[in-house]
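J.: Construct all of the structure, not just a fragment, from the sequences and the given hints.
So you can see what is in the structure, the chains are spelled out below.
Protein chains: 2
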Amino acid sequence: MVKFDYDGCGSFVSDEEQQRYVQTALKAYDLLMAGDGAGSDFLGWKTLPSDVPESLIEECEAVRDDWKAKGVDLVLVIGIGGSYLGSKCAIEALSHSFIRPEGVPQIVFAGQNLSEEYLSEVLDLAKIRNVACVVISKSGTTTEPAVAFRIIKNYIEETYGEKEASERIVAVTDARRGALKTLAERKGYRSFVVPDNVGGRFSVLTPVGLLPIVLAGFDVRQMLEGAAEMQKYLSLDRSEFNPAVLYASIRNLLYAEKGFSTEILVCYTPKLQYLGEWWKQLFGESEGKEGKGIFPASVVCTTDLHSMGQFIQDGSRNLFETVVSVEKSNRDLTVFPDGQNYDELNYLAGQHVEHCNAMAQLGTSMAHIEGGVPQMVLSIERINERNLGSLFYFFEFSCGISAYMLGVNPFNQPGVETYKHKMFALLKKPGYESI
Amino acid sequence: MVKFDYDGCGSFVSDEEQQRYVQTALKAYDLLMAGDGAGSDFLGWKTLPSDVPESLIEECEAVRDDWKAKGVDLVLVIGIGGSYLGSKCAIEALSHSFIRPEGVPQIVFAGQNLSEEYLSEVLDLAKIRNVACVVISKSGTTTEPAVAFRIIKNYIEETYGEKEASERIVAVTDARRGALKTLAERKGYRSFVVPDNVGGRFSVLTPVGLLPIVLAGFDVRQMLEGAAEMQKYLSLDRSEFNPAVLYASIRNLLYAEKGFSTEILVCYTPKLQYLGEWWKQLFGESEGKEGKGIFPASVVCTTDLHSMGQFIQDGSRNLFETVVSVEKSNRDLTVFPDGQNYDELNYLAGQHVEHCNAMAQLGTSMAHIEGGVPQMVLSIERINERNLGSLFYFFEFSCGISAYMLGVNPFNQPGVETYKHKMFALLKKPGYESI
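Line order of the protein sequences matches chains A and B.
Note that the numbering used here has the first sequence beginning at 291, numbered continuously upward.
Note that the numbering used here has the second sequence beginning at 291, numbered continuously upward.
No false leads were slipped in.
No copy labels: a pair is met if it fits in one copy or bridges any two.
Below, simulated DSSO-like cross-link-like pairs (lysine-lysine); rule was C-alpha separation at most 30 Å, straight line:
1. Lys582 / Lys293
2. Lys293 / Lys718
3. Lys710 / Lys477
4. Lys618 / Lys710
5. Lys417 / Lys358
6. Lys582 / Lys317
7. Lys522 / Lys317
8. Lys582 / Lys548
9. Lys719 / Lys618
Think of the hints as simulated: they come from the structure by calculation, not from any bench.
T.: So this is what it looks like as structure tokens:
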């Protein structure tokens, strides 16, 4: 499923230190399992993999099939933060980089910024396509998605008429209250529920993530199975061998005792670029508070070995790496021999491109560890729905343990309000007169 | 052109400290201008904006026109690191996010990774399109681009025949020697020169960057003019008011005296996402050596306010920000009034979306500074070729000063070789038997 290897930390931490941190981690584990730590109103994600009913998946598929029958070839998914990154990550990981399969709509995200240019370009695209929209917002009043949805809803209503528009818009929102819930009821939109006890960054296995992933043509049953398997594994093994306990232990040890203040999530495929973004929100927002937290960064290799590689190898020594390693490629391409061999690559003739990638990864690991960068490795066999589900759950669970170890509430984000208050005052929103 | 504002650092540094660092920066400035600092064989970038001859641009345009006449609708640009990020940055900043103008080829990058899946998908796309290729490599033997080029060259030759292939492949490489130069001569490829005295991360205004940007349909004359204007401005003003001197001074002061170890490049438009990537290579590879250097990170707002925002506001206090601010949108879209106002946005009715974005930026700046994050702001009027040229030159010049202040050679990257040596040994490349 997911293999965890921390040999690359051996020269940086002693067994005694590790044991000490594992003991603290096990206390945090108990807190998380018992549900009596800080933020315990937001532990719904813990049992999501086994809680999601088959009927919910069928409802997602019904939307997919209805829109397919209408010939929809563009779905605008409106959301920001946790209502964006989970599905973006899964869809980028699973999709062909350039070609969309017949019968599957293009997924384009909107409402994840306030760029006038970007939103104008989304409308340009909408105007030449057959469009539907998923709007994801618990409240319906978060500025970015609300602005985008007001504009896109208007476009869809004007183009297809009010009645047809109500069949082309689906809301993912609060079960009972809020602006979007009210609007959805009044307009007759189908809606899906964002559970009260799951925070945004933990919501990829709710309809927030599942619906867009289904619409993009992927198998969320497999994703939930992978997550459920990981849920079972992590929740049954209260020991020093639990990989989430180990991951949380070692990263806190490196941070608190050894001066490593930045963690880089590393992958060796561009498909996982947005796993890095999703992970940065998960850990950054959960742990970055009260003047504490490991700064989360990410790189995609080997691309970034030619940009950030120099710094990681030889710059300030306050970095450690967590590599998400993919053992097998889903495609098949080899380097063939060339008579002239001007490029001196014949020594690779007959090798898979991915073999070169794997050796680059191995060589880089050795070089970085020698250079003073501790390294942990999480391996999956290949990129697919199942393994992504496992990874999502692994990181969520680890994050809960890790933030409890740090002594912060993993499930709030008080700092996010600060800029909003000032922005509202500057925008002269009623009720926000003072900056 | 570019405005520089460091008011957001006022509460973190004293005038006396700033003056002291400015004096050091002016010494570094002198070293850079005189060309007698470390790495002075690689100062060709300093005068590139005024050195690039009109004939070079015309040669780029001739390639563009020839390929247009052949109906080419896909140009594969093969390169990594500095042979990738400059043109990627400019093309992403200037292009429509979703729609390609009639008569302009799609630009797809390859050879910037060793992913078997990615390269297979590039070939899938090539097979349904009319293809040409630019291969960028000084030596022709860098593993990633060499592997990609061997495979893509073979595809083009098999599809179009040897003779036609030689008209569909252009090399950007060394003037005299190397594998790619040899191949280009033998096959009769048109070639462009990577100057000996310009390192990869400083090469965006050489054919390495200019040719792909021309092929993507943009005006490099404007880009060079913007850079030349900045060159003139920065090289004539040896004073404490020179913005490159100030930027280099303050970032070194924050790093060396105040414990700020990470700099985040912030922009408020997804168009500049790859400016962050280009900047990370420029500063990370120039400064990250000998156990020193400010760790370069980047965020795109407001997107990342909903992921990294919590950490920046309230996490570990070792971050400072440099914002690249864009004053005007190139498009026009306003929030309109809505009778029901369920989303409570009517207070924004009649406002440009970009006004909301600007207020988010201003509010965030205030919040982050209050939260303990020093901030500098570089402003451009709008995103266009001219202003990108100015930004490129500004950052390159600042980087030279800044790295000299740090006491390192800005123009080498010895750490990049370490992983390569191990990778070659693991791949059993002749001559690299020991790890």
